[in-house]
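Please take these sequences and the hints and turn them into a complete structure.
Note that the working numbering gives residue 90 to position 90 of the sequence shown, counting from 1, and the numbers run on in steps of one.
If you're looking for bench data, these hints aren't it; they were derived computationally from the structure.
Heads up, some of the hints might be wrong.
Derived Cβ-Cβ restraints for the label pairs, each shown as a range [as the list claims (entries may be wrong)]: (1) Thr41 / Lys105: 16 to 24 Å; (2) Glu120 / Glu75: 31 to 39 Å; (3) Arg109 / Pro138: 29 to 37 Å; (4) Val25 / Thr46: 22 to 30 Å; (5) Gly144 / Trp47: 36 to 44 Å.
Backbone N, C-alpha and C define an ideal beta-carbon position, used for all residues, glycine too.
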Amino acid sequence: MSEAAYYPADAEQSPHTALLGSEFVGWDENTQTATMRFTVTREMTTWRGGVQGGLVAGYLDDVMGYAYVAATGGEMAPLNLEISMSLIRLIPAGATIIGKGRVVKGGRRVVFLEGELLAEDGTLYARSSSTALPTPRPTPTRTGME
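Printed below as a string of structure tokens:
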């Protein structure tokens, strides 16, 4: 299979970001916080009508990762070693989620990140923390693992 099959020419974002429906909203340099918006599609939910737990982790991972990418001016991306997550309440199908990701410490050898998913009214859905390695930001032609 060709590389173009994995990275179509019209995909300006990572394939997982497209799957999650991620929308970058903003970056606050002072607090090292990225804000993103996600709209939950039916495909992300279980028969309970809420987002499946592993997919909640995907939203949190995306917003924490974007915080570090923004903090490094787009040069670096985190490679997770560990993610801890608390599922506070069910995220319903069709919900618009506001994600907040924050760089707690961005060192040369290790990165500490935090994330939250909120309803539009501020209700907390989930919270996470991550320990990661700083790596060059991946591209369609470079994995960042070289």
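Taking the hints in turn, this is what the structure says about them:
1. Thr41 / Lys105: 16 to 24 Å: The hinted range 16 to 24 Å is violated for Thr41 and Lys105, with Cβ atoms some 34 Å apart.
2. Glu120 / Glu75: 31 to 39 Å: At roughly 32 Å between Cβ atoms, Glu75 and Glu120 fall inside 31 to 39 Å, so the hint holds.
3. Arg109 / Pro138: 29 to 37 Å: 19 Å, violated
4. Val25 / Thr46: 22 to 30 Å: Hint holds: Cβ distance 27 Å, inside 22 to 30 Å.
5. Gly144 / Trp47: 36 to 44 Å: 37 Å, holds
Consistency with the previously given hints fails for numbers 1 and 3, ordered from lowest to highest.
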